[in-house]
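These protein sequence lines are chains A and B, in that order. For the first sequence, the numbering used here gives the first residue as 1, with consecutive numbering after it. For the second sequence, the numbering used here gives the first residue as 1001, with consecutive numbering after it.
Read the hints as simulated data drawn from the structure, not as lab findings. C-beta atoms are modelled at their ideal positions from N, C-alpha and C, and glycine is treated no differently. One or more of the hints may lead you astray.
Computed list of chain A residues with no C-beta within reach of chain B, every gap over 12 Å [unchecked claim]:
#1 L12
#2 L17
#3 L29
#4 S57
#5 A59
#6 A60
#7 T189
#8 E313
#9 G342
#10 E583
#11 I597
#12 Q830
Each computed DSS-like pair below joins lysine-lysine, with the alpha-carbon atoms no more than 30 Å apart [said to hold, decoys possible]:
#13 K1101(B) <-> K1017(B)
#14 K283(A) <-> K701(A)
#15 K1004(B) <-> K98(A)
#16 K1017(B) <-> K1103(B)
#17 K1026(B) <-> K1037(B)
#18 K1026(B) <-> K98(A)
From chain B, some residues computed to sit far from chain A (all C-beta separations above 10 Å) [said to hold, decoys possible]:
#19 Q1027
#20 R1030
#21 K1037
#22 Q1039
#23 P1040
#24 L1043
#25 I1047
#26 E1060
#27 I1085
#28 E1097
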Amino acid sequence: MYLTLFRIFASLYPTDLRLEYGTEMELLLSNRLGEATGSVQRSRILALAIIDLIRDSTAARFSRDPRGRYHHIHSNRARTMIENLLQDLRFSLRSLSKTPGFTAIAVTTLALGIGANTAIFSVVRSVLLRPLPYANQDRIVSIWNARDDTDLSTYSKPTWLSEPELLDYRAAEALQEVAVYDYGDAIITGEQSPERVTAGVLEAGVLRILGVQPELGRWFDDEENLPGGNTSVILGHSIWENRLGADRSILGQSLIVNGRPRTIVGVMPASFRLPTDFADENKAQLFIPIELDRADPAGRGSHYLYGIGLLAEGASVDQASAQLESITQRLTDEGHYNPERGFRAFAMPIRRQIVGDVEPAMLILLGAVGFVLLIACTNVANLLLARTQARSREFALRNALGASGGRIAAQQLVESVVLATFGGLLGMLVSIGGLNSIAALNPQSIPRFNAVGVDGVVLGFTLVVSLLTGLLFGIVPAINAVKPDLVASLKEGTRGAGASRGADRLRKSLVISQVAFAVLLTTGGALMARSFWKLMSTDAGFRTERVMTMQLYLPSNDYQTGEQITRFYRQLLDRLRATPGMENVGLARNIPLNEEIGTWTITAEDVTPPPSGNFSGEWQVISAGYAEAMGVGLRSGRFFEDFDTEGQTPVAMVNARLAEAIWPDEEAVGKRFRLGGQDSERRLLTIVGVVENVRHNDLTKSAEPKFYVPFEQWTGNSGSSARRGMHVVAKAQTNPLALVGAVRSEVNALDSNLPLSQVQTYDDIRSRVMSESRLVMALLAGFAGLALLIAAIGVYGVISYSVVQRIPEIGVRLALGASAPAMLRMVIGQGLAVVAAGIVLGSVAAAALGRTLTSMLYQVEPLDPVTFSVVPLLLLLVAIVASVVPAVRAAGVDPMEALRYE
Amino acid sequence: MSLKPLAYEVLLSLASKESHGWSLVKQIERRAEGRYKVQPGSLYRTIQNLIRDDYIEEAESRIDPDLDDERRRYFRLTPNGRTAIREETERLRPLIEMATKLKI
């Protein structure tokens, strides 16, 4: 990265020098970087080397060689132009170095603006713009089922595919191929300690559609998806590297997965991910073929497969969706689905699937950071304007001595571009720092965030932005510099206010727009901050303090019967309860905010089902102790106890939402329901407790109906096999992490081959859920702070400038009896007038743009009255503070002194 | 004709033995005792100019036993370069003597 930057600037040298010594220069720089400790030192070294490159390469290009010719310049006209440019450049450097205060403020302001833009651009580039690691990415779609509660405009709440649907959807002609995958647990055993990883369980077609060539070996064959054909495994890159030592001769060897030897047939490249794995730390690390029995598919209602498809040549996503919908319509007509549920399948572009959720956030950040740069530009333009006014005598003199207006304006523009270039250079360092801070926010839920970095494209972006910035803020002062009336300026003397009335208005309008942008950004930042605060303080229905969780999965060859599974978990619970420091401990099949929980149709005894079909609820399988460990509140009845085993009364707990949905005016405890629809023959479960609602799939949405079944009764109540995979949820008396070792050794004591996975505290889980919101909030708040600061500098600048100009006037007023406090009020009032205009404009703009934030706001209206009254007050306060210094100066004017100038 | 300071430094460093870029940097910076740093760009342009003026020439590339990496290009002084050092030193001598005498 450092070397890339260096290389880009080294291209400023004449080609011969670069070809001859370019590599050596880089070698030398890397030697030097190698000696440095820490990134601050390295950045410094790089900056010095680059400054030298710029300086020295200019010298190299334009120095005379011994034969008295300029390198590379032959025509006289070009020579004059280049000589003019060089002269302007030298002049600019000299004049900028004569006003170090101005230069420092301007360069810093620009560096902050450009640096922030570079940082956000590199995030947006990695997350949104970089191509997906798939061949034919434009033709790949993901396929989902929708129901009437699915919002197709946002693709929210879609559901997976079932095996029969997969076969049906293959009939869509717009889709050349359709394939499915699922996730599973894989325990790898062998000579090393056992390891649990997530496995992608795939149809061979998945790899064909994604079109990613394995790094070693081959894809799966279609035969491997048939029952009994499933004996191979393809390794993900990290497992191959970390566990198997990146052994290139590994093909054909066997790997024990879930107790069963599988032949390694391939290794995927490091960049490979399943489409649903981009924002997931717990991504699939090895791939095994899915077994689908075409002759005897699982039930149509069993939705668990992730579908992807490859569009046929020339077909569009809309065509595919239309065809899928007509297939589902036909199936509904044939009676497979309840017509009132609005069941239909659709396709969406794979890119939408992967980055669609974060796209609005990214675009909002990009817009916000653009505003920061605009504010920075207006600020520098204002500073430059003041400078040109102060120098109007100089310009007039040069004009009189024969410099054309064009040359003077050009020189001004060169000066702006020089400022912007320095700003850009410093901005690169700012962006590196910025990216480090963004990374420290750890936005785990943002897909492809780990690939964020600065590269050639990003640097090119910075370069272009810097130059454009220079032109943008330079053009107005440059034009202004040409304008002053020669005679007037020379006559006017040092105060040089010849063109000042118009320029004053210009300066004021720049400050007004600055304040308006600052209001806009601050409003956005404040809305996000309020929303984040609401999210933080949202009651999800459980307590996360001192709770830790981990996942266990019992492999089928060691635990063949449900009885073995139940016995293991029961023994484990007994041991864990006896662990010192443990307050409560329980098991659950799926824990809130960590993974999605699905719903199961239920039928209540003696209750007419709703017209839309059936009642349903999220199905949770837990042990005694889980609700206590999670701090879920009890409304009535009791929690599960150890005696709720198979052979006892079949029981269930429901949440308040489900109880209200089915028995709105009655006590639900004692009522009975069964799993499945009205023709279900499963046994009736008696409700023993009603618990508070727990938000499971989404922290921002109110809880769905949910029912709980004791894990020892699961098989009997549902007819499904016993749950092999369970999460341990442990509440500690003090420090939850201190329990990890104890839990690990208890698990080991029961079965030394069982790995623990997903060991995490509940605070971690919750913080991960909020990471996108936190990132946007933190960045917007940061930009708002930056905007406020720059705007404050702008207000200060314009007020103090006008105070200096009005010193004689103030002197006269004071001499005529005006009091010093009156002068104070006058100056502050003048500042407030400018700011008030900006606040009004900015608030209107914020109200108009607030809607773009709607999708990201939680329990905060885009026109939140608190925000819209606090932000203007804040800006007023800033304006007062920024006007106080010049105002005090005005009040302290000595009339005699002031009048002497008149 | 006077030499640029960096050119003079490079020639002096090559007077006793042939060296490659990094070792030149180290020698010059050791003499400067931290007062300034030699940047890669300026160094190699100076080297290019010195070769063009026939003050130094390229020796063969080889591996520096202390540096354990790629091959390095070594440079050595030409007779012309030796003369240039002598002349520059003669030019500077009276100036330095004068400055010393004035106790500046």
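Okay, the hints, checked on the actual structure:
1. L12: 9 Å, violated
2. L17: Given a closest Cβ separation of 6 Å, the condition is violated.
3. L29: At about 5 Å from chain B, L29(A) fails to clear the 12 Å cut-off, so the statement is violated.
4. S57: Violated, because the least Cβ-Cβ distance between S57(A) and chain B comes to about 7 Å, which does not exceed 12 Å.
5. A59: 8 Å, violated
6. A60: 5 Å, violated
7. T189: 42 Å, holds
8. E313: 49 Å, holds
9. G342: 67 Å, holds
10. E583: 58 Å, holds
11. I597: 56 Å, holds
12. Q830: At about 50 Å from chain B, Q830(A) clears the 12 Å cut-off, so the statement holds.
13. K1101(B) <-> K1017(B): 33 Å, violated
14. K283(A) <-> K701(A): 25 Å, holds
15. K1004(B) <-> K98(A): 27 Å, holds
16. K1017(B) <-> K1103(B): 34 Å, violated
17. K1026(B) <-> K1037(B): Holds - the C-alpha atoms of K1037(B) and K1026(B) are around 9 Å apart, at most 30 Å.
18. K1026(B) <-> K98(A): 35 Å, violated
19. Q1027: 13 Å, holds
20. R1030: 13 Å, holds
21. K1037: 6 Å, violated
22. Q1039: 3 Å, violated
23. P1040: Violated: least Cβ distance 4 Å, not greater than 10 Å.
24. L1043: Per Cβ check, L1043(B) is inside 10 Å of chain A; nearest 7 Å; violated.
25. I1047: 7 Å, violated
26. E1060: 15 Å, holds
27. I1085: 20 Å, holds
28. E1097: Label holds. Min Cβ-Cβ 32 Å, cutoff 10 Å.
The structure does not agree with the numbered hints 1, 2, 3, 4, 5, 6, 13, 16, 18, 21, 22, 23, 24 and 25 stated previously, though it agrees with the rest.
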